[in-house]
Amino acid sequence: MEPSSTPDLVSSNVRRPALAVGVGIDLVEVERIHSLLEKSGDRFKQRVFTEGEIQYCDNCVESAMHYAARFAAKEAVAKALGTGFAEGVGWADIEVLRGGNGAPTVVLHGGAARVAAQAGVTRVLLSLTHTRTTAGASALLLSDI
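With the sequence shown counted from 1, adding 5 to any position gets you the working numbering.
These aren't lab readings, by the way, just hints derived from the structure by calculation.
Bear in mind the structure is a predicted one, so any value in this text is a computation, not a measurement.
There are no misleading hints in this set.
Using C-beta positions, here's what the derived DEER-type ranges look like:
#: 1; residue 1: Ile150; residue 2: Glu67; range: 38 to 46 Å
#: 2; residue 1: Ala124; residue 2: Glu36; range: 33 to 41 Å
#: 3; residue 1: Gly125; residue 2: Leu102; range: 22 to 30 Å
#: 4; residue 1: Asp63; residue 2: Arg137; range: 12 to 20 Å
#: 5; residue 1: Arg137; residue 2: Gly46; range: 18 to 26 Å
#: 6; residue 1: Ala91; residue 2: Thr134; range: 22 to 30 Å
#: 7; residue 1: Cys65; residue 2: Ser148; range: 30 to 38 Å
All C-beta atoms, glycine included, are put in the ideal place defined by N, C-alpha and C.
Make a model of the complete structure from these sequences and hints.
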């Protein structure tokens with residue numbers, strides 16, 4: 006990740022009036038992520054996930070399920086931004102952490118933060134779900150009014 010003059014955007018569940026700027030959803034098969042972890046291991050992790058995400062997932066029982074949820078979250082946020090992983094938005098620019106209350110928190114860095122700022126995004130709401138076979142995420146980008 007390269008340094009950026011654009012400040013990072015951190016998600017927030019604070020309730021205040023807002024407009025929806027973008028929405029994204031993604032589903033991924035846990036087995037697909039498990040296979041990538043088995044075949045590529047650290048190379049896949051380093052390319053897609055941040056150190057914080059790796060540390061969290063590696064400390065979870067059934068880590069592939071947690072990696073899959075974060076993978077789906079990154080895809081959902083990239084779709085909500087309207088760019089996918091183009092226009093300077095990289096995998097590590099979308100970081101999914103666990104907030105103090107256990108809810109997922111999104112931190113946007115670099116290209117993702119730049120695209121979000123240009124679109125007027127002030128908050129990212131994220132919901133994750135997973136079973137042993139499937140992980141899903143939905144992302145909602147909001148702009149305060």
